[in-house]
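Chemist: Listed below are the residues making up each chain.
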Amino acid sequence: MHTLARMLMGAESIADVADSEAGLIRASLNGDQDAFAALVRKHQSRVFQLAGRFFRRPEEVEEVAQETFLRAWMKLDTYRADAPFEHWLTRLCLRCAYDRLRQRKGDPGALEADVESPAPDPDARMEVAKLLAHLSPPDRFVLLLLDGEGWSVAEIAERLGWTRVNVKVRAHRARKRLRRLLEEG
Amino acid sequence: MDCRTVRDRLTRSEPGSEVAVADRTHLDACAECAAFARRLELARETLRRPAASADAMEPDASFALRVVERLPKPAELLGWAALRALPAAVVLVLALLWIGVSQPPAPDYKDLLSESTSPDLVLTYAALAPEAGP
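Protein chains in written order, with the numbering used here: chain A, 1 to 185; chain B, 1001 to 1134.
Treat the hints as calculated values from the structure; they're not laboratory data.
In silico DMTMM-like links for lysine to aspartate or glutamate, alpha-carbon gap of 20 Å or less:
#1 130(A) / 1045(B)
#2 1073(B) / 34(A)
#3 176(A) / 1014(B)
#4 75(A) / 1069(B)
#5 75(A) / 99(A)
#6 42(A) / 21(A)
#7 42(A) / 1069(B)
#8 75(A) / 63(A)
#9 130(A) / 1041(B)
#10 1073(B) / 77(A)
#11 176(A) / 1002(B)
#12 176(A) / 1032(B)
#13 168(A) / 1014(B)
#14 75(A) / 34(A)
#15 42(A) / 1060(B)
#16 176(A) / 1008(B)
#17 176(A) / 1023(B)
#18 42(A) / 1058(B)
#19 168(A) / 1008(B)
So here's chain B without its partners, still in its complex pose (with noise of 0.2 Å):
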C-alpha cells in the first residue's frame, strides 16, 4: 500500500475511529506515515478543544441586558423604514415634476379674441380654466 493512499484515508477517517490493520501494517513500517498520523491526531485533538478558556464561554449575569441595549429602538426601525421608502419617494417627485414641465402652458385668454382661434384652442382653455373667459 502507499503513502498517499493510507494518508488519504486516515485524514477522510472519522475521528478517534479505528485504524483498518492494512493501514496499521504500513503504519509500523514507514516513519513518515507515522508521523504524520500523529500530527494528524494532534491537530483533531486541537479541534475538539474550545479555543476559549472555560471562564470565556459563560455569560456574566449582565449580559441579556446588553443584548437588550443594543437593540434597534422603535425611533432608528421608523428611520430605517423612511430610509428604505426614500428611492421610491424621489422617482414620485421626478415623475410629478416632468409631468408638470411638460404639460403644454394654458393658453392666453388674448388669444381666444384672434379671429384665427382655432376650436380646439377654445376647447383646451374651456378644459383647463373652465370657470375663466368672457
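Isolated chain A (complex conformation) (with noise of 0.2 Å):
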C-alpha cells in the first residue's frame, strides 16, 4: 500500500512537472521572458554538462548554452509536444556545439584538457591527446557522440535529427581516419 502510494505520488509529480513544463513553454511562446527564464533554469545544468564535453575554455561552454537557450526562444513555435521539451533541447545544443566546432577549423581546442589529469602513462596519454586534435572538428564531434557519449547510431540520429545512413557514413570516416592518425602516431 505505501509503495502504491509512492508510486501514484511519483506518477503524479511526473506529471506535475510536464504540466508545469508545457505551461511555461505556452507563456513563452506568448513573449513572457520570466517563464523563459524559468524553464532555463529548469534545464541549464544538462545544457552546461553537454556544451563542456565539447569544450574547454569556460567562456566556451557558457557561449555554447547562450546560444542554445537563444535559439529555443526563436525556436519555440518548432517544438513538437510529442517528444519531450529535454531532447528537442538537446538537438539544439548538439547543433550549436556542432556549428561552433565547425566555425573554428584549426584550432584544435575541445580536446586539449585533460592530459594533465592523472594517468598510468601521461606521455602516452598526452601524446593521443594530440593526435586527437588533428582531427577535423566534424570527425571530433561524431566520435565524442560514439565514444564520449556512448551513443548508439540510431541514438545520435534521432538526438541530431540526422539520417542513419548519414551517422553511419560519418561514423566510417571518422574511425577511419583516426585510425590513420594513430597508425601514424
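Dock chain to chain to rebuild the complex, using the hints, since each chain is given by itself in its own frame.
Modeler: Here it is in C-alpha cells:
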C-alpha cells in the first residue's frame, strides 16, 4: 500500500512537472520572458554538461549554452510536444556545438583538456591527445558522441535529426581517420 | 590474421567491448598492433572525459538572467520584420513608378477643339477627366 501510494505520488509529480513545463512553454510562446527564464533554470545544468563535453574553456561552454537557449527562444514555435522538451533542447545544443566546432577550423581547442589529469602513462596520454587534436571538428564531434557519450548510431540520428545512413557514413569516416592518425603516431 | 583486419575491427568495436579471442592472440604476437590498441584505448578514454573542468560545467545563479538579457526585444523583432518586408516594398514602389511613367499623357483640352479630333481621343479625355471639358 505504501509503495503504491509512493508510486502514485511519483506519477503525479511527473505529470505535474510535465504540466508545469508545458505551461512555461506556452507562456514563453506568448512572449513571457520570466517563464522562459524558468525554463532555462530547469534545463541549464543538462545543457552545460553537454556543452562541456566539447569545449574546454568555460567562456565557450557558457557561450554555447547561451546560444542554445537563444535559439530555443527563437524557434520555440517549432517544438512539437510529442517528444520531451529536453530532447529538443539537446538537439539544439548539439547543433550549436557542432556549428561552433566547424567555425574554428584549425584551432585544436576542444580535446586538450585532460592531459594534465593523473594517468598511468601521462606521456602516452598527452601524445594521444595531441593526435586527437588533428581530427577535423566534424570527426571529433561524431567520435565524442559515439565513444565519449556512448550513444548508438540510432540515438545520434534521433537526437541530431540526421538520417542513420548519414551518421554511419560520418562515423565510418571519422574512425578511419582516427585509425590513420593512431597508426601514424 | 593480418594487422589491417585486426586494427579495423578494433577501431569499429564498441568502446569497452571484449576483444575477440583471435584478435587477442594477434595482439599478443604483434607489438605494433598491441601499441595501436593501447593508443586507441587512450584516445577513447580521452574522448570519454569532458573537455571542460567540473566548475565550467555548472552554470552560476545568474545564467538565466544573462540569457534573458540577450533575448531579442520586441522593437528588434519589429525591425527584423520591417527588414524582411523591405524587398516587397521596393518592388511595389517600382511597380507603381512604372505604371505612372508608362501611362499615356492626358490629352490637352485644346486638342479636342480641332476638327481632326478623333472620337477615341474625346472618349479617352472623358474617361480621364470626366468633370472637365466644355
